[in-house]
Amino acid sequence: MTVRDLALESLERALNAVVALDPDTADRLAALHGKVVRIVLSGTGIALNLVPGHDGRLQLVGGLEGEPDATLTGSPFDLLRASDSADGHAQLFAGRVRIDGDTRVAQRLSAALAALDIDWEERLAAYTGDIAAHEVGRGVRAARAEGERLGRSARTNLSEYLTEEARVLPHRYEVAEFLADVDTLRDDAERLGARIALLENRRRKGDAP
Amino acid sequence: MADDPDSTHFGYRTVDSDEKAGLVRGVFDSVAANYDLMNDVMSFGIHRLWKRFAIQLAGVRAGQRVLDLASGTGDLADRFADLVGPDGLVLMTDINASMLEVGRDRMIDRGHAGNLAYAQVDAEALPFADDSLDLITIAFGLRNVTDKERALAAMYRALRPGGRALVLEFSKPVNRPLEKLYDLYSFSILPRMGQLIAKDADSYRYLAESIRMHPDQETLKGMMEDAGFERCDVHNLSGGIVAVHRGFKL
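Chains as they are written, first to last, in our numbering: chain A, 189 to 397; chain B, 415 to 664.
Check before you lean on any hint, since a few could be wrong.
Pair by pair, the computed Cβ-Cβ distance ranges are [said to hold, decoys possible]:
1. 458(B) with 353(A): 53 to 59 Å
2. 231(A) with 429(B): 26 to 32 Å
3. 344(A) with 451(B): 50 to 56 Å
In case anyone wonders, no lab produced these hints; they're calculated from the structure.
In this text, a Cβ means the ideal position worked out from N, Cα and C, and glycines have one as well.
If we strip away everything but chain B, and leave its shape as in the complex, we get (with noise of 0.2 Å):
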């Protein structure tokens, strides 16, 4: 976190707390459209397995109540909402309208309907009644949030007893070989994969800084730990390229 209260982090820049949502909007709106295929293409592929495994992690029933924040095109509700059943209820949700808007359309393409509710959501700010989710999941978003802490806060109000929270998010390799080879993949060969495919070299800079920003496993854990989740654990992915972190409400 940055030392001043009203100041944080937009990749290696500090900004204004007010100022950061808005910086997230641009990149996010630049990135909407070849938002899958620059995932796929960035993570050859393996973004799916990060998120396979976080499905496993979720433990969805059928009938419980989901909300999947920072949804982009809703990998992950695409799954909850085959998984809760008929009788579920999956939110899909981002802050970002484009995004929003991507993956609504992409979930009618696909024929969810009645069990799949979309809205345009502040992490920080949830919207729902107290005790009231199953579970709450967070992919490859929390890193873009202003306030960390008071998102974690919101998670955990509105999560009932007994349920929990995920954050799939990019991390901290853990050995010193890897953290070279992703460090140069990251500088040197992302932002120019951006440019070539999606037109915008800075959103990709903004990904691989935002990243390198991000607090490390043990950090996001004790954080998890400070809003009230217990039994809170990691799970390394890629070598910690990215963490799995749950945290359940008990």
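If we strip away everything but chain A, and leave its shape as in the complex, we get (with noise of 0.2 Å):
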């Protein structure tokens, strides 16, 4: 029993507290219920597990025996950029992020809890009525969408600056051409080695009598 099961308590019920407060999420991970998926926090020794529950309150294991059935790979920072809706895949097709196992539950129980989408609105109703809450939810949602337009400009800024400017990245483009470039590479290595093939074993049979 460690600070780390403490801590592990308190995460358990702050994720479920959200959980709890949309149910279409909750359903979502309710239909992964005895699933385990394993989180790795590379370069920190770090691992816990997620089970979602028959409810789809998720329960927070640090060490679970056997094999789970998917496993996270990935830098705390490209976990947390791999779970954004918009931008996630392209973490993982980046290798990034490493998915093992099964991953179509991975991928469920990602993007269920990507989608966690609360509606403060109506939590708040319950406490000051209507139209109070509906004003506070306005501010909520244009202090969200400001919070978004100011990270992606932010994002953009920074990858520009780093790509054309200090060319310390390439540009995407880049990367697709030399993607594309290794692609090539390989069926080309591919249909080299089945060319040869072909041969040694038409040779073969040409030796014989």
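Assembling the complex is the task here: the two chains are given apart, and the hints tell you how they should meet.
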């Protein structure tokens, strides 16, 4: 029993409080009842297991014996970005987050968590009445939209700086081109391999009496 | 254990073996309604962490069959039912009908259905086939069982080879200062809290006494080995106030 258990307990509570507010996500998680998805934070040695229950409540278990249904491995930052519904797949395909095991389970779980969209207005209305809640809800939505806009522009600026000005990172077109080249090379190599096998086969047949 | 084969402990009192089950029933009938609240208050909420630790040692996988003895209000059964998935089975049991009823209502309120079954079961005479279960747990229950050896033997019998048993129970603190503090807490403060919250000081005095009479870490480990369990290990929690014993049937 360590500090980590305590942290897991409070993280589990916080997460489940959010899940309980969003019936849709709870349903999607409940469909994964009993499946184990292990998250490995590379570089930290920390692994934790998420197990959705019958009602979508998640259990966070530190050590769990046996093989999980799926494992997600990545740095904390990459995993966080992979859970972003808009940008997540790009992270996966860029190879920053690795999925082992049943990829469908992993994807369904991360999609369910990424879709956590909490209706603050509805929650508040229970306490404050509809009109006040609507005002607050509008404020929250506006703040969130502004936050997203700022985040987007910061991201664009940063990526522009890194790719165009500092030239530290390749531009996405360069990456695409490079990946296409790699694909071509791989296919060529495979074709060559097949060709050699064919020729060897023919030679062996030719040698035979 | 008491010297006379027909007698056993009820807290610090020595009573006839036939009598103990009835006395324990009285205690739990009395505390059933406030059980969860008292657990949280008495252990300062730490019992959740103890149980969480036990669940890690349990190694429950989807599709398994789990027997939870002395389930009480079902803290372990609740989590197990989510871990075994829709194809597994959790048997939630208690010898005490009032506790089982409280526990069953709570599980139904939490929406468990299909992979959770309820039964009033005596841990000493398990009504399950030999070699039929993947895991048997008893959390804070073995202390109240009249004949612990019989209960451990029954658990061993019902486990399938490769299965394991977990005993989560109060134990003996491993250092002296903690032991003193703990004694003060259990004999002076605990019964008063019991009086205040559950209006029942006697039951909580029994709790403190029964903990002192319960075999310590090494003794219980020896008892498990005598019952046939192999690769037994002990994990002390909170300085030995609580210990998890684990044994495998191989």
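Consistency of the hints with the structure:
1. 458(B) with 353(A): 53 to 59 Å: 56 Å, holds
2. 231(A) with 429(B): 26 to 32 Å: The hinted range 26 to 32 Å is violated for residue 231(A) and residue 429(B), with Cβ atoms some 59 Å apart.
3. 344(A) with 451(B): 50 to 56 Å: 54 Å, holds
In summary, the structure is inconsistent with hint 2 from the numbered list given earlier, while agreeing with all the others.
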